[in-house]
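Chemist: Top line first, the protein sequences correspond to chains A and B. Here the first sequence is numbered in my numbering, starting from 437 and rising by one per residue. Here the second sequence is numbered in my numbering, starting from 437 and rising by one per residue.
The hints are simulated quantities; they were obtained by calculation from the structure and are not laboratory data. Just so we're clear, the structure is a prediction, and the values are computed from it rather than from any experiment. Treat the hints loosely; a few may be bogus.
Repeated chains share a single entry, so a pair holds when one copy, or any two copies, can fit it.
To be verified - The calculated DSBU-like cross-link candidates involving lysine-lysine, where the alpha carbons are at most 35 Å apart (straight line), are:
| no. | residue 1 | residue 2 |
| --- | --- | --- |
| 1 | 547 | 612 |
| 2 | 612 | 453 |
| 3 | 453 | 547 |
| 4 | 612 | 573 |
2 protein chains.
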Amino acid sequence: MTLLLNSIRQFVPLSTKDEAIVNQLFEPYQLESGSFFLQAGDVCQYVGFIAQGLLRYYVLDDGNEHTYDFSPEQTFTCNYESFLTQTPSTRYIQALEPTILLRIRYDNLQKLYETLEHGQQFGRLVAEQLFVVMLQKLTSFYRETADERYDNFLRLFPNLTERVPQYVVASYVGIKPQSLSRIRAQRAGKYY
Amino acid sequence: MTLLLNSIRQFVPLSTKDEAIVNQLFEPYQLESGSFFLQAGDVCQYVGFIAQGLLRYYVLDDGNEHTYDFSPEQTFTCNYESFLTQTPSTRYIQALEPTILLRIRYDNLQKLYETLEHGQQFGRLVAEQLFVVMLQKLTSFYRETADERYDNFLRLFPNLTERVPQYVVASYVGIKPQSLSRIRAQRAGKYY
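Starting from the given sequences, assemble the full structure and let the hints guide the process.
Modeler: So, in structure tokens, the structure goes:
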């Protein structure tokens, strides 16, 4: 809970009264490795704060998984589009490790915005940040080459290379696992 | 100014005091047909509300214009990414007709958020709406075929077919003007 309060404080100040509201509106939740925070077809009802563990985001395209993002500890998780519009998700959010979250339901988040002293400002700043981040990620997803996307993975998630299975890294880069091995071998060659 | 106040009221209520603040922080601005609200390389300093006229949004890719959006009367205009991050724009916003706007500068919008009774909530709701709209438009921009994008143009901008030059419609669909004429001819054939 302290980690969550600190994360909110990166956007707005919180009073003792605000802290009590956050405590009351978020609830603990656990995911086993491989299980889902959200599946395609379901409406995203929760925003989660990851206390421990790791999630990945993917879409299914003709039966192929395209991983497009990861959320490690001390970040928030949500399919924000499905959540805001309360319409079924086209994406999956899956735990890659046993994951411990604090989550808040849609109606309780509205209550949070209304009752925290700077609740609406917090919501605005989060929405603005997500707008910018999502735009960059989506543009990267559609426009960049496999080499550029592998560079992105190493740059954006430097601590995840040991934690993410190779076939998931390959699905993030948009290539087959064998092709990823080839890119890695080529790069290793450069430095020896 | 009444149109602007009504547009804000679609998100939050405004008191008489709020109205005076809006009046004070927005300023009138005019664009001739063909001139720019924003050019690539410049930082987007303003959000504009279009009282009369029409704007289009495009990127240059290897010298080719790709139009990806339009803003007619009674809508807001901004390169929200450049505006939020206060970094140079990669996009152009150009008037297709003589256009009359009310615009607000970055620092004055922050003041608006802080001083309107529901200012922060207004900012949150706008950011959330823009997030959803942008996600849908960007996905359409990258994933859909020329036929689908022409359908989108007709569906999203039913009143603009007479107002937008053909080469701009073609650059929205992502094809040459001659190919657009062919699509139109084929469709006309279907109905006779």
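Chemist: Evaluate each hint against the coordinates.
Modeler: Right, here's what the structure says about each hint:
1. 547 / 612: neither (45 Å within a copy, 51 Å between copies)
2. 612 / 453: neither (51 Å within a copy, 61 Å between copies)
3. 453 / 547: Classified as both: same-chain Cα gap 14 Å, cross-chain 26 Å, threshold 35 Å.
4. 612 / 573: For residue 612 and residue 573, both the intra-copy (21 Å) and inter-copy (29 Å) Cα distances are at most 35 Å.
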